[in-house]
Amino acid sequence: MSSVTDIANERPTGALAEQPAAAERPATRVRRSALLLAISTLSVLTVLGVWYISTERGWVSPVFLPKPGRVINEGFENLANGQLGKDIWMSTQRVLLGFALAGIVAIPLGVIMAVWAPAKAAMDPFVSLLRPLPSITWIPLTMLWLGIGEGQKVAIVFMGSWIYILLYTVESTRRVDPLLIRAARNLGASDVGVMLHVILPGALPGIIAGLKVTLAISWSCVLSAEMIAAQNGLGALIWQGKDWGNLALVLVGMLCISLVVLVTDKLANMLERLLLPWERHQRT
Amino acid sequence: METMSPILAAHRVSKTFTNAKDQQVLAVDDLSLEIDEGEFICLLGASGCGKSTILNMFAGFIQPTAGEVLLRGQKILKVEPRCGMIFQSYALFPWKTVRGNVEFGLRMKGLSRTERRERAADFIAMVNLRGFEEHYPAELSGGMQQRVTIARMLAADPEVLLMDEPFAALDAMTRQVMQEELLKIHQQSGKTIVFITHSIDEALLLSSRLVVMSARPGRIKAVIPNELPAPRQIAVQFSPQYGELKSAVWSLIESEVRRHGTAPD
Ligand SMILES: Nc1ncnc2c1ncn2[C@@H]1O[C@H](COP(=O)(O)OP(=O)(O)O)[C@@H](O)[C@H]1O
Ligand SMILES: [Mg+2]
Chain X
1 MSSVTDIANE
11 RPTGALAEQP
21 AAAERPATRV
31 RRSALLLAIS
41 TLSVLTVLGV
51 WYISTERGWV
61 SPVFLPKPGR
71 VINEGFENLA
81 NGQLGKDIWM
91 STQRVLLGFA
101 LAGIVAIPLG
111 VIMAVWAPAK
121 AAMDPFVSLL
131 RPLPSITWIP
141 LTMLWLGIGE
151 GQKVAIVFMG
161 SWIYILLYTV
171 ESTRRVDPLL
181 IRAARNLGAS
191 DVGVMLHVIL
201 PGALPGIIAG
211 LKVTLAISWS
221 CVLSAEMIAA
231 QNGLGALIWQ
241 GKDWGNLALV
251 LVGMLCISLV
261 VLVTDKLANM
271 LERLLLPWER
281 HQRT
Chain E
1 METMSPILAA
11 HRVSKTFTNA
21 KDQQVLAVDD
31 LSLEIDEGEF
41 ICLLGASGCG
51 KSTILNMFAG
61 FIQPTAGEVL
71 LRGQKILKVE
81 PRCGMIFQSY
91 ALFPWKTVRG
101 NVEFGLRMKG
111 LSRTERRERA
121 ADFIAMVNLR
131 GFEEHYPAEL
141 SGGMQQRVTI
151 ARMLAADPEV
161 LLMDEPFAAL
171 DAMTRQVMQE
181 ELLKIHQQSG
191 KTIVFITHSI
201 DEALLLSSRL
211 VVMSARPGRI
221 KAVIPNELPA
231 PRQIAVQFSP
241 QYGELKSAVW
251 SLIESEVRRH
261 GTAPD
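Protein chains in written order, with the numbering used here: chain X, 1 to 284; chain E, 1 to 265.
Warning: the hint list may mix true and false statements.
Claimed, not checked - When the alpha-carbon atoms are kept at most 30 angstroms apart in a straight line, the in silico DSS-like pairs for lysine-lysine are as follows:
hint, chain 1, residue 1, chain 2, residue 2
1, X, K120, E, K78
2, X, K212, X, K67
3, X, K86, X, K266
4, X, K212, X, K266
5, E, K75, E, K191
6, E, K21, X, K120
Unchecked claim - Heads up, incomplete: computed chain E residues facing chain X, CB under 7 angstroms, no partners named:
hint, residue
7, V79
8, M85
9, A91
10, P94
11, F104
12, G105
13, A235
14, F238
15, P240
16, Y242
17, E244
Since the hints were derived computationally from the structure, they do not count as laboratory data.
For glycine and all other residues, C-beta sits at the position ideal for the given N, C-alpha and C.
With the rest of the complex left out, here is chain E (with noise of 0.2 angstroms):
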């Protein structure tokens, strides 16, 4: 069989942050990770072992001090279209109604005003805001707004989902409708997906494969293959497979935690 080349890899990666005293500070240390198309990775980790840094690398934001982070086998020099990001804090446009900011993306590729409204309207009824087009983001409660951060990005079209912690601002009912949600997504278009977890019950409801994180600096602590069976549901919880995985996921954090002392969740 031919292998795969990845659609998006980290080579090496560190990066050192200079912080508000001056002082140097490593946030991700020779990290390397392979990602192939259609994967669904989560990333877990304590809080400010690099996750988000990872994250920010990947679409193109900020870059590395050494080694290389590619997509398509193409160094990322520059923000990164087709690395769509979800940023835990929304980021949608005030000024813009729930339908300005899901066509957003699609008046930047220049479309005509019609095609953007029967695209956006098509995103905007995946995500279940059907009625509200006209509403300012300000209207919306958290989950009704990290929707439309949703299929704004969807509506753009990027190739690669990149996704910081979106749930955890959420409360449970609404985290479970929007995680099955991203599921049925992921199944339907075939995305890869980076996502971003402090819970271990999301990763292992969300995940094709696991990245477990050490405590900083940001190294690869273990990569662990999620074999529940899919698709899967809220249901996959009760399975003894889940307790053993959960289980062998927990030690691994447990010693991070009591080395470093900040619990993951």
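Extracted from the complex, chain X is given alone in its bound form (with noise of 0.2 angstroms):
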């Protein structure tokens, strides 16, 4: 805490003055940083350098790796005839489906089970039996129930994202202060007023935090259903790939698969800001 007010002008010098960054000079910290960026380069340039040379003289065999030409190419053909842009879209369309349905079931079921005990009390041994099971398990009951369309690729989705956002919900539900609590209701708040007011958005940064843990969880749910059933879609380019031995395919849609979800990350980190202005500000 500042130990010095400037009673004069109403303005904090201490704590909110000295930025412990600043206490580094500009130049020093600059410098630093482009020191490490020179070395991120580098390393890069070093493993796509021994990835270059091992394949162009031979010493690994293309049938285990490709060129990186040929690699290259592959990812242009396919953006230029439009395959490669449909199969980013259609998986992003079921994350995107499956993820949202997942928030808006699990999302109000955690804030019910953190302040309700009963309902954590009914919910708690499906979500003990359910969390152990990987989203694959659930590939044979959906195709069965749902066929092998959208539905069934967004049910895994569903399925595989649903339980994690649950368990983040209740968690940061149940760590919202309980001082902030009391000092709601000593001010005349009803038990609306405390949950609209105190624990939504207590939570909320908790609540953010794990739908973007939960989103990577997603993907990696889509692209298992692509893989076992799919026409379409960044898990079925990659299977093409495998089955009709095309290796350059194969890296070319992972690759896609991890600058998606690289983007999505991104932009998730864009909207918590605009959602959590206070968070901003926080000194630690």
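Using the hints, put the two chains back together into the complex; each one sits in its own frame.
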């Protein structure tokens, strides 16, 4: 806590004025981050270089690892004929739909479980039983119930995601500072007031953190579902590459998955900052 | 003269806690206290003697194990918004701006947006935080946060202000400013205040009556009317009357410290 407050102009001169990072001089900081960036670049170039040389020289057979040039060609070809774009879009659609449904079900359920013990008691046995099941174990049943259409892919994403969202929601709702709930009641808040103004905003950062983790899980669910039974999507693309002995296509698919998940993560971070304006100012 | 009924009363109140090791801890033992409307009571005593426990019972956060606490003659059975609490750790809503925090009580009462804004603006000005309406608590210093809690509580307009070591975390200069502001608020509003402190000087400056508590289990050791001339300023500390009162209070506390081994300040 700041020890000096400039009373004349009401500005804190302590903790706010001295930011820990500012202790390092800006010039030094810029040079440090430039150096770290150079190291990252160099390490990527080295791996690419080793890949290039070992495939060019024939140290590694193209059966096991295609040349980088082949992968680039394959990528551009599939981009040009629209196949890649379509696969990315199909997978994204399935992920977003299944993920959104999971959130719509699990967030309200998690909040209720956190504040109302009977609901938690009723749900806990199922949560314990369902949690250890990887999403692919749902493939036989969902195929039986829903066929092999879009519904089945979305169901796999849903089954693989909702429990994580539920657990994060329960945990972060229970962690809301009880002192703040007392303060709200002391200021005249009803049960509904406490829920809307204290419990939900208090749990929100934890819920959003959970959603971010779960989104990556949702992606792995859709890919495994697509590998087993799908005409399109990035998982199907990879599986086709394998069936046709086209390793370059497999690598293109894998690279796309990484990029798409990275981009979704960045978007999620932006959304998080937008939704939690107060978190930007936390000093710790 | 007709005797005024007290606004706040504790009748033979005891409170036993069960601690983490499943032992029974007697925090408050058979304590009785009556507080009249408009009084400024300072509760003084060593750490762990049950001061916060008493305040929490007045606020309705916890219930006594025996005896009863009354507000205007009615038993306090649940959280009582007429007894506004100022927490030592501020308890501001981190997701609300200064204005959002100060408006909270008014919003819970269902006031319209414009009315809320207007009333909140008055209290924000009162605690000298104009210009910080859109700031979040994390952007403010400790002293500023404590002033937001005071504005938030005053805006909700409780009848009694319960304050648990509100200035303990502040630096000396800010504390002095806050003490003078609180005295002004007390004079202007005439609200009843129950204020916990570790500091004899703070108690002498603020109170109209001092309640000195014994070390655990909490009982009242002495009740001392504070007849230092009001309105008081910090300069009151240089009067001879002040010195006499202070040494009287100190000797009461000293015997407790010797008995129990913890200094109050
Ligand atoms: N919730 C609780 N559970 C167990 N023991 C408690 C609890 N609250 C207070 N106590 C105990 O009661 C005694 C009085 O506490 P408190 O009222 O906080 O003292 P003070 O505010 O005077 O420092 C202490 O010994 C404390 O450990
Ligand atoms: Mg205390």
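Each hint, compared with the structure:
1. Of the supplied pair hints, the one linking K120/X and K78/E holds, its CA atoms being roughly 26 angstroms apart against a limit of 30 angstroms.
2. About 35 angstroms separates the Cα atoms of K212/X and K67/X, which puts this hinted pair outside 30 angstroms; it is violated.
3. Only pairs whose Cα atoms come within 30 angstroms are accepted, and K86/X paired with K266/X is accepted, the gap being roughly 22 angstroms.
4. Proposed proximity of K212/X and K266/X is supported: the alpha carbons are some 10 angstroms apart, at most 30 angstroms.
5. For the given pair, K75/E sits about 20 angstroms from K191/E by alpha-carbon distance, which is consistent with the 30 angstroms threshold.
6. Pair hint K21/E plus K120/X holds up; C-alpha atoms about 27 angstroms apart against a cutoff of 30 angstroms.
7. Look at V79/E: its Cβ gets to within about 4 angstroms of chain X, closer than 7 angstroms, so that hint holds up.
8. Contact between M85/E and chain X, as hinted, is supported at the beta carbon level, the nearest pair being about 5 angstroms apart and thus within 7 angstroms.
9. Annotation: A91/E was flagged as interfacial toward chain X, and the flag holds, the nearest CB pair being 4 angstroms apart, inside 7 angstroms.
10. Annotation: interface hint on P94/E holds; nearest CB of chain X at approximately 5 angstroms, less than 7 angstroms.
11. Here the hint on F104/E is kept, as its CB sits about 5 angstroms from the closest CB of chain X, short of 7 angstroms.
12. Given hint, G105/E at the interface with chain X, holds; its Cβ is 4 angstroms from that chain's nearest Cβ, closer than 7 angstroms.
13. Hint status for A235/E relative to chain X: violated, with the closest Cβ pair at about 18 angstroms, above 7 angstroms.
14. Interface restraint check: F238/E against chain X, minimum CB-CB distance 22 angstroms, threshold 7 angstroms, status violated.
15. The interface hint given for P240/E is violated, since its Cβ lies 30 angstroms from the closest Cβ of chain X, which is over the 7 angstroms cut-off.
16. The interface hint given for Y242/E is broken, as the beta carbon of that residue sits about 25 angstroms from the closest beta carbon of chain X, more than 7 angstroms.
17. The restraint placing E244/E at the interface with chain X is violated, with a minimum CB-CB distance near 32 angstroms, outside the 7 angstroms limit.
In summary, the numbered hints that this structure violates are 2, 13, 14, 15, 16, 17.
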